[in-house]
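Visitor: Residue numbers (my numbering), protein chains in the order written: chain W, -15 to 190; chain S, 3 to 182.
Derived from the structure by calculation, the hints contain no laboratory data.
Take these hints with a grain of salt, some might be off.
Listed next, the stretches of chain W that the computed footprint assigns to chain S, with coverage defined by at least 3 CB atoms under 8 Å from CB atoms of chain S [to be verified]:
id: 1; segment: 105 to 117
id: 2; segment: 126 to 134
id: 3; segment: 140 to 152
id: 4; segment: 176 to 188
From the three backbone atoms N, C-alpha and C, an ideal C-beta is built for every residue, glycine too.
Here is what each chain is made of, one letter per residue.
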Amino acid sequence: MSTLVLENPPTVSRTWIDSRPSVDLPQYSTAGSTSVDFASGVFKAFHQRVTKLSSYELLTKMDKDREDDSLSLSKVQQSVTVDVSQGHPDLPRAEARLEYLANLDLSQSFEDLEQPSEDTIREAGVLLRKLAAFGIDRHLPDLGLDSDGSLVFSFHPERTGLIGSLSVFGDGTYSYCIEFKGKSVEAGEAVVGGPIADELKAYLTR
Amino acid sequence: MADLDPADHVPLLRMVWSPRCYEDSRPTTACFDSKDVLPEQDKDGHDRYVSADHEHEISKTAVDARIFSQSYGDKRESERRHEARFLRLICGELRSIPDRDGDAPNPLLVERDRVLAKPELGIPANEAHCAIRNSSAKSRTTEKGANRQYMEYLRKELMKKLRGDLSYDDVFACSSGESV
Chain W
-15 MSTLVLENPP TVSRTWIDSR PSVDLPQYST AGSTSVDFAS GVFKAFHQRV TKLSSYELLT
45 KMDKDREDDS LSLSKVQQSV TVDVSQGHPD LPRAEARLEY LANLDLSQSF EDLEQPSEDT
105 IREAGVLLRK LAAFGIDRHL PDLGLDSDGS LVFSFHPERT GLIGSLSVFG DGTYSYCIEF
165 KGKSVEAGEA VVGGPIADEL KAYLTR
Chain S
3 MADLDPADHV PLLRMVWSPR CYEDSRPTTA CFDSKDVLPE QDKDGHDRYV SADHEHEISK
63 TAVDARIFSQ SYGDKRESER RHEARFLRLI CGELRSIPDR DGDAPNPLLV ERDRVLAKPE
123 LGIPANEAHC AIRNSSAKSR TTEKGANRQY MEYLRKELMK KLRGDLSYDD VFACSSGESV
């Protein structure tokens, strides 16, 4: 299992969010004084590919969440700070799995399996990190691959306290149906870059 | 034929593939393919369905043929069998899954769907084969978002009905099906 070691973890301030730095974020990156021991060089390369874009998007969209759905500034900062400086303990596992599925050789499989597109992988990475920010106390979903190339997030009750399914598509949308104690929350279509629905957020943070 | 459909107490085994549909030893909702659940039409214009076998009648010959037709390349036989997994589902529990909006009270039908032998294609007969079909008109809506929502709902419900997760050796060590 990979270990995450952060030296001088960055902090996020209101000013920092507002200033929207144009430099790469230090989130889990090997730049600057932050050092990370990832499982493999392949994973590191993938991680950089996915998170360089997604880090900024994540912060931008979470900031927008605050404006859109009345999340308090302190809660946004808390989530961002957790995501940037500490990380979700299950995120390396989930991202390694995403990397694995991105490179799964489907040429030795049957029928009409579609390889997930780069867009799908990128969007799935963004959403994983977003879920990680909200569901800090629980496992992240397991990942599978549908024959149409969409990424499937699967919530197991033993690991997540939830049961359900969520699919991420290359067009930047996702759909889900997640159940908690017999009550389901569903979405036909949601945008990865948009705010997470309050009801879903509430499930993820229970 | 309706009188041949498996009874409610009958266990089915659905063959799925790891590692695409499994993370470690855990099945994901990708075990239920979107094209089968909603469903799309196959190249012959027929609705697709979730494929499974009657557990008590499962045929090692038919499963082996499926394994080797669905997985090719340079993998060893043992590796292909190792990657095949079998989810146990109970017919009556599948039939009892409610539709989300009450469009059809119970959208999933479980039917006997015997496979006839096609020697020229290397397909043996499979008396144990069953089809889990989605009969709901909702699956045919043209509204993309609604379709996706419905698909996730059915996947979630199907996952709730899992009653076992078996390996190839588990299935054929205790099965009464014929051996090769």
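Visitor: Please go over all the hints and tell whether each is borne out by the structure.
Guide: Cross-check of the supplied hints:
no.	hint	in the structure
1	105 to 117	violated (count 0)
2	126 to 134	holds (count 8)
3	140 to 152	holds (count 7)
4	176 to 188	violated (count 0)
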